[in-house]
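Same order as they appear, the protein sequences are chains A and B. Residue 305 in the numbering used here sits at position 305 of the first sequence, with consecutive numbering throughout. Residue 330 in the numbering used here sits at position 330 of the second sequence, with consecutive numbering throughout.
Just so you know, the hints here were simulated from the structure itself, not pulled from any lab data. Some clues are possibly wrong.
It does not matter which identical chain is used: a pair holds within one copy or between any two.
With a straight-line cut-off of 30 Å between C-alpha atoms, the simulated DSBU-like cross-links for lysine-lysine are [what the hints assert, rightly or not]:
(1) K69 x K445
(2) K411 x K444
(3) K88 x K151
(4) K146 x K411
(5) K69 x K316
(6) K444 x K69
(7) K293 x K411
(8) K411 x K220
There are 2 protein chains.
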Amino acid sequence: MQFVIIGADAAGMSAASRARRSMADMEITVLEKTGDVSYSACGMPYNIGDQNRKIEELVVRQAQVFRDKQGINLLTGHCVDHIDIASKTVSGTDTTGAAVSVAYDKLLIATGASPIIPDLPGFDLPAVMPLKILDHGRRIKAFIKKHSVRKAVIIGMGYIALEMCEALRELGMEVNMVKPRPILLPWMPVEMSDIVRKELTNRGAALFAGHTVQKIEPYKSHLKVVCKDLDLEADLVIVAIGVTPNSQIAGDAGLTLGTAKSITVDRTLQTSNPHIFAAGDCADAFHIVSNQKTWIPLALRANRAGWAVADNVCGKPSRLDGIAGTAVFKVFDLQVARTGLTASEASKCDFTPVEILVTTRSRAHAHPGNTPIKVHMVGDRSSGRLLGVQMLGCEGVAHRINGPAVALHAKMTVEQFSQTDLAYAPPFGPTWDPMLTAANQLLKKM
Amino acid sequence: MQFVIIGADAAGMSAASRARRSMADMEITVLEKTGDVSYSACGMPYNIGDQNRKIEELVVRQAQVFRDKQGINLLTGHCVDHIDIASKTVSGTDTTGAAVSVAYDKLLIATGASPIIPDLPGFDLPAVMPLKILDHGRRIKAFIKKHSVRKAVIIGMGYIALEMCEALRELGMEVNMVKPRPILLPWMPVEMSDIVRKELTNRGAALFAGHTVQKIEPYKSHLKVVCKDLDLEADLVIVAIGVTPNSQIAGDAGLTLGTAKSITVDRTLQTSNPHIFAAGDCADAFHIVSNQKTWIPLALRANRAGWAVADNVCGKPSRLDGIAGTAVFKVFDLQVARTGLTASEASKCDFTPVEILVTTRSRAHAHPGNTPIKVHMVGDRSSGRLLGVQMLGCEGVAHRINGPAVALHAKMTVEQFSQTDLAYAPPFGPTWDPMLTAANQLLKKM
Chain A
1 MQFVIIGADA AGMSAASRAR RSMADMEITV LEKTGDVSYS ACGMPYNIGD
51 QNRKIEELVV RQAQVFRDKQ GINLLTGHCV DHIDIASKTV SGTDTTGAAV
101 SVAYDKLLIA TGASPIIPDL PGFDLPAVMP LKILDHGRRI KAFIKKHSVR
151 KAVIIGMGYI ALEMCEALRE LGMEVNMVKP RPILLPWMPV EMSDIVRKEL
201 TNRGAALFAG HTVQKIEPYK SHLKVVCKDL DLEADLVIVA IGVTPNSQIA
251 GDAGLTLGTA KSITVDRTLQ TSNPHIFAAG DCADAFHIVS NQKTWIPLAL
301 RANRAGWAVA DNVCGKPSRL DGIAGTAVFK VFDLQVARTG LTASEASKCD
351 FTPVEILVTT RSRAHAHPGN TPIKVHMVGD RSSGRLLGVQ MLGCEGVAHR
401 INGPAVALHA KMTVEQFSQT DLAYAPPFGP TWDPMLTAAN QLLKKM
Chain B
1 MQFVIIGADA AGMSAASRAR RSMADMEITV LEKTGDVSYS ACGMPYNIGD
51 QNRKIEELVV RQAQVFRDKQ GINLLTGHCV DHIDIASKTV SGTDTTGAAV
101 SVAYDKLLIA TGASPIIPDL PGFDLPAVMP LKILDHGRRI KAFIKKHSVR
151 KAVIIGMGYI ALEMCEALRE LGMEVNMVKP RPILLPWMPV EMSDIVRKEL
201 TNRGAALFAG HTVQKIEPYK SHLKVVCKDL DLEADLVIVA IGVTPNSQIA
251 GDAGLTLGTA KSITVDRTLQ TSNPHIFAAG DCADAFHIVS NQKTWIPLAL
301 RANRAGWAVA DNVCGKPSRL DGIAGTAVFK VFDLQVARTG LTASEASKCD
351 FTPVEILVTT RSRAHAHPGN TPIKVHMVGD RSSGRLLGVQ MLGCEGVAHR
401 INGPAVALHA KMTVEQFSQT DLAYAPPFGP TWDPMLTAAN QLLKKM
């Protein structure tokens with residue numbers, strides 16, 4: 001059997017390795033358009049924030065290891081631009097421009113996602129850079145090393161933008177952040193996003209929400225980011241306004257695309273063609289709360305989906321329940337986490353959301369070092385189900401979100417969740433864990 | 001209606017306050033034998049470890065507040081020694097020795113637990129002290145303040161003993177710990193408890209496991225703890241070998257006692273008498289994994305059970321699912337947590353346990369500050385169910401245990417748990433959370 005994989009990062013290499021472990025004699029070919037494989041993309045902001053670290057530290061496993069130890073035919077610098085469903089062949093070019101064509105019995109599309117770059121003047125200037133693949137990180141690090149970068153502008157205020165803000169402030173840069181919508185983290189209650197805003201400004205970042213960038217232009221010896229009523233000077237501009245799935249070759253081949261043009265897959269990760277799977281940031285997923293299709297490109301899902309594809313290709317049927325959209329990020333001293341649906345998302349899925357926002361503490365009554373934890377919890381009035389949780393604080397947030405995440409998978413009601421036996425010790429929380437206090441308060445409103 | 005409560009700590013005062021909020025006109029009488037009410041007993045080791053803190057900081061709400069603001073007839077210094085089921089009356093004495101008698105319509109026994117003090121010579125010496133109620137903490141603090149305490153011996157190596165070890169080391173004392181059984185934390189795999197042992201010894205504590213104390217005797221100007229083949233000198237001896245439920249008045253009144261002589265209650269917290277409830281450390285509970293009775297005295301259960309009793313007394317039917325035995329403690333820089341059953345406990349409950357021990361990391365690949373996390377996970381071969389998890393590490397353990405704790409309440413299989421969407425960001429864990437790595441490895445063995 002010839003198993004062909006397009007894309008050699010999380011989903012692609014997870015699938016390749018697992019398929020090899022299952023079937024020693026399978027022919028496995030991976031075509032990767034860049035020169036990098038199997039790296040931790042999420043680690044890039046932290047790596048960039050420390051000029052003593054090399055970007056290559058983020059590589060989890062070298063290409064040569066996949067080739068020599070696992071016998072995977074890993075072809076870097078190979079760009080696939082066409083899938084021929086009839087002949088079961090993928091084709092494209094290698095770095096020399098030579099045509100490449102590989103036949104498959106089973107195909108995995110793991111092409112990931114690309115940063116969205118607005119089609120506006122100046123976004124192609126050398127000092128204007130996105131951050132998605134390892135080569136972006138390499139470029140940013142090299143640029144910072146070579147040039148005296150004192151002023152940075154970050155376009156966007158999502159996870160990556162916020163993590164890059166911290167990284168660039170760590171390097172001593174002046175950081176200005178700008179985006180068109182007036183609200184920071186619009187999926188979060190304003191009382192909570194205001195705390196994120198304060199953390200950012202206290203740490204020296206300036207936020208300009210509600211300003212649409214019109215162009216970037218050379219100005220004196222550096223750049224100027226131009227909005228209607230705001231000009232921001234910059235030595236470096238990071239474009240972090242979101243990503244879009246790399247689904248064009250799938251769409252061109254006639255495969256069904258769905259939410260945000262991601263590749264539609266079923267619970268076995270199969271696309272609309274029975275010989276083709278898709279996994280990672282290019283593919284969609286079922287949301288375990290709404291049971292509807294969603295597109296939330298995150299690393300765990302990519303790895304897990306890669307494994308599931310390998311199992312299915314190797315004749316071990318594997319189905320994925322779906323995702324809860326659990327995510328956590330760090331902004332300086334703050335931890336921000338979420339799982340499940342916001343009230344607004346829940347309304348769109350035909351739930352009747354009831355929500356509560358509580359402020360509790362990170363440690364027991366009178367325990368030194370106590371800091372506030374804010375929890376926003378959403379339940380469904382009709383069914384009683386827990387629908388989602390958002391949380392922030394200086395400690396005890398990142399892993400605490402896993403309790404409600406598991407509850408969402410189990411389709412627990414808020415009442416059932418309120419009865420769970422969560423850990424307590426004075427250095428780690430109040431007797432009633434913040435999750436339980438929120439659930440108890442939410443129950444009263446339901 | 002006359003609602004009478006014996007005991008004014010977590011369970012008793014949770015019940016009193018909640019009953020008052022439900023029914024403004026209810027007569028609520030609380031009889032407490034000590035002078036202290038509503039305090040954080042679990043906070044005592046940390047408070048003792050800091051001589052600048054007053055023990056009274058641990059009081060969550062003053063007795064006067066319950067009396068004045070809530071109209072609760074809170075009688076401290078009142079010791080109940082008899083329950084007359086026929087006449088529905090409790091009786092005893094106040095601090096002056098005068099007889100006290102109170103009639104009830106509904107009674108809550110929330111008498112807590114007492115430290116076990118061996119009936120051996122010298123355990124009644126003034127410098128030999130247990131730690132369970134606030135007055136114990138007060139005595140220990142006062143003793144340390146008054147005397148030059150350089151050497152302490154802790155008898156026992158459970159949670160409290162380990163927390164006291166840290167506290168006394170913080171105060172600069174030489175600490176020797178001693179217990180009869182040769183194994184530290186016998187519920188934990190030796191590979192994990194060895195890490196706890198190393199942490200303790202690295203931080204200057206000496207452990208003598210496998211030595212049975214025979215007596216304590218005056219020696220020079222202080223004390224000597226005498227074992228068969230070991231003498232340990234001490235200025236202060238902490239007795240922390242466990243607690244026993246204060247169930248004697250319940251037993252004397254003919255109420256059914258069960259596991260470890262705790263008071264048997266059903267899911268509504270009712271004892272074998274329909275007018276009498278029991279809650280907190282004196283009462284038993286259903287274990288949500290085994291569905292069998294268990295006695296694990298912990299603070300969250302006490303608070304939750306107090307609430308449930310109040311609701312049931314006030315005509316709002318309330319049932320508690322049970323406990324998972326979730327617990328966490330800190331030993332210097334280590335966090336140690338558990339939930340559910342150990343393999344040995346599972347065997348006794350007719351499960352067929354399969355177990356795995358994995359070593360993962362607290363942060364993502366190559367992220368600075370990464371430390372090991374060890375996870376022991378137990379599943380049932382017949383049903384596939386997740387049965388329990390134990391975990392330790394320097395960070396990311398305390399709240400991470402809540403994910404599997406929720407999974408136990410939901411009676412998830414290991415496979416279902418392995419599919420959960422847990423949070424990931426490089427500062428907080430690997431892409432595959434340690435819980436998921438353990439579940440994936442355990443699945444292979446099942």
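Ascending list of hint numbers which this structure does not respect: 3, 4, 8
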